[in-house]
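Colleague: Sequence:
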Amino acid sequence: METLFWKKMASLLLPAFCLLSGAGCTAGWAVPDFGNVYHVSGVIDMPFAEIQEPFEAWYNLTGGKSRIQYYHGQVVTFQYGAERPFGALYKITPETTELELNVRKCFRISGRPGKRVYPQSIFPRLDAFKPVREESYKGQLCTVWQNVSYWGQKKNVYTLWVASSADGPVPVHYEMRGFNSLLGSHYDKYEIDYSNFTHSYPAGVLDLPSGMECEFPPGDGVEHRILANPMWDFVGRQADRGRQLFHHYRREYRKEYGSEKELERRAQTFIHNMRYVHSKNRANLPYKLALNHLADRTPEEMAVLRGRLQDQTPHNGQPFPLAPYAGIILPENLDWRLNGAVTPVKDQALCGSCWSFAAAGGLEGALFLKTGELTPLSQQALIDCSWGFGNHGCDGGLPWRAFKWVGKHGGIPSAEAYGPYRGQNGYCHYNSSELLANITGYVNVPAGDIVALRAAVFKNGPVAVSIDASAKSFVFYSNGIYYEPQCGNTSSSLNHAVLAVGYGVLQGDGYWLIKNSWSTYWGNDGYILMSTQDNNCGVATAATYPVLA
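Under mature numbering (1 follows the signal peptide of the UniProt record, and there is no 0), the letters of the sequence shown match residues -28 to -1, 1 to 521, in that order.
Please note that a few of the clues may not be correct.
Cut-off 30 Å, straight-line C-alpha distance, at most; resulting in silico cross-link-like pairs (DSSO-like, lysine-lysine) [claimed, not checked]: (1) K110 / K87; (2) K126 / K77; (3) K161 / K227; (4) K380 / K227; (5) K127 / K260; (6) K431 / K444; (7) K127 / K444; (8) K161 / K126; (9) K260 / K227; (10) K380 / K431; (11) K318 / K260; (12) K233 / K444; (13) K102 / K227; (14) K77 / K444; (15) K444 / K318; (16) K260 / K380; (17) K127 / K110; (18) K233 / K161; (19) K126 / K444; (20) K127 / K161; (21) K126 / K233; (22) K431 / K318; (23) K102 / K77.
Just so you know, the hints here were simulated from the structure itself, not pulled from any lab data.
Take the sequences, apply the hints, and build the full model.
Modeller: Structure, rendered in structure tokens:
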């Protein structure tokens, strides 16, 4: 007992002595051993993905089991290495459908030859780490262990801060920094803060919930294995699974890049976006995200697609008419697609022309209500021809300015008459005899009035609206009712123009049915359900619709 006591005291006092004296004491230190059984909590910080994710982990190497849960138990993963023949991964996650709300589902993925499942440690393997210094980290005296690895043109620096206690080493902080000489910049960074480290936990915590049946996930591909054990990519240094998924992504979307440098940059952007999407989905939000054709785009490139200009000048729209809506009974759900008033979703490409799609969509709906025929109208004509009213083609514009151009010139050409959409500015060349949808003006819906906007959509067809689409969650929306607390709803926060083609209520929550112009690869076949709560993202802040002559 005395020998053990003095060993523990030495582990506590030696780092303090080295730090105070400046002595080179690192050479003889033993690599930290956190034991075969432990429980620990912490937070994963992914600054490039704009995510901080809490976790809690239980580990039993001897028993061949581990459990890691995220966002306080929203998603729970199990790694069973002892299960024959090659181990198994389990993931328990909430699932919401049209019939069920937040039902816990279990998915199982089997290990296989060359992909055997092992209990997942929450710490990196330390066999290649070396002690480099002693320092205080957040008030704790720590030994700093580091491993510098080179992978082609990448230099990865892994650093672990370890404190001492009477019970042995205590993990404090882990950090990875990656530098790519090809890109000339840091390509990756993530950190893990550890807390509440112990060598005990309640019995049964590593067992699957009794009575729960586990099914195989659809596809059982690379992404499913990442989702079933996300921690592996942060503390493991084997082949990068994110790279494998990027390979599948390139093949699915036929992505080609002009150089090795661009390929590397796109791969890293994809991996950061992948981490963001996966982490957000573990948070059990009322909507789900998914990797889409924009997953290799940088935030700067995404900003190009948000082409609604900021504007403080008077819109000079007609006042919202109250008399036609007096006593009107609005249906609880409305979808103008079902009535044939909405053309197929299009892709604005790398052009800030969202405003032209919103304006054309409003005109198409109004023309349908008047004639009973759905005619695709030309966004390209609005891009090319409405500069005199303050629009700037692919550099941005506003739907109401497009309506002013249509009103002055007696209509808008059809897409067939004007020619195909090009995703760039062009020469204005319409024939006056081919113009359709002449208007007498346009109406501004009272700002922030949810009921008035519902009434406008019901009586006038699809309405051009503006939103704050700057949140990364909007870029990767997949399904569910989108509510983003970071969204602004003031006129100064609006940066993207879209089309409200309906509204409704799903499981007690109100939503707008919004048509975007980022192709059918985005969202739910090009659409999104946006929450009406608190006028989230400003859907009702600057809505406008045309009045046909």
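Colleague: Does each hint fit the structure? Answer for all of them.
Modeller: Structure-based check of each hint:
Using a Cα cut-off of 30 Å, the hinted pair K110 and K87 is violated, with the two alpha carbons roughly 38 Å apart. Only pairs whose Cα atoms come within 30 Å are accepted, and K126 paired with K77 is rejected, the gap being roughly 39 Å. In summary, the hint linking K161 to K227 is supported, as the alpha carbons are separated by about 25 Å, within the 30 Å threshold. At roughly 43 Å between alpha-carbon atoms, K380 and K227 are farther apart than 30 Å, so this suggested pair is violated.
At roughly 35 Å between alpha-carbon atoms, K127 and K260 are farther apart than 30 Å, so this suggested pair is violated. For the hint pairing K431 with K444, the CA-to-CA distance comes to about 33 Å; that exceeds 30 Å, so the pair is violated. Between K127 and K444 the CA atoms are separated by roughly 28 Å; this keeps the pair inside 30 Å, and the hint holds. Distance check on the hinted pair: K161 and K126 sit about 13 Å apart at the alpha-carbon level, within 30 Å; holds.
For a cut-off of 30 Å, the pair hint linking K260 to K227 stands: about 24 Å separates their Cα positions. Restraint check for K380 and K431: satisfied, since their Cα atoms lie roughly 25 Å apart, inside the 30 Å limit. The straight-line distance between the Cα atoms of K318 and K260 is roughly 22 Å, inside the 30 Å bound, and the hint therefore holds. Annotation: proposed proximity of K233 to K444 holds, straight-line Cα distance about 24 Å (limit 30 Å).
Between K102 and K227 the CA atoms are separated by roughly 41 Å; this puts the pair beyond 30 Å, and the hint is violated. The straight-line distance between the Cα atoms of K77 and K444 is roughly 27 Å, inside the 30 Å bound, and the hint therefore holds. This hinted pair checks out: K444 and K318 have alpha carbons roughly 21 Å apart, not beyond 30 Å. For the given pair, K260 sits about 43 Å from K380 by alpha-carbon distance, which is inconsistent with the 30 Å threshold.
As the CA atoms of K127 and K110 are separated by approximately 27 Å, the hinted pair is consistent with the 30 Å bound. For the given pair, K233 sits about 19 Å from K161 by alpha-carbon distance, which is consistent with the 30 Å threshold. With a CA separation close to 27 Å, the supplied pair K126 and K444 stays within the 30 Å bound. With a CA separation close to 12 Å, the supplied pair K127 and K161 stays within the 30 Å bound.
Between K126 and K233 the alpha-carbon distance is near 12 Å, which keeps this suggested pair within the 30 Å criterion. For a cut-off of 30 Å, the pair hint linking K431 to K318 stands: about 25 Å separates their Cα positions. As the CA atoms of K102 and K77 are separated by approximately 43 Å, the hinted pair breaks the 30 Å bound.
Hint check: violations occur at hints 1, 2, 4, 5, 6, 13, 16, 23; the rest are consistent with the structure.
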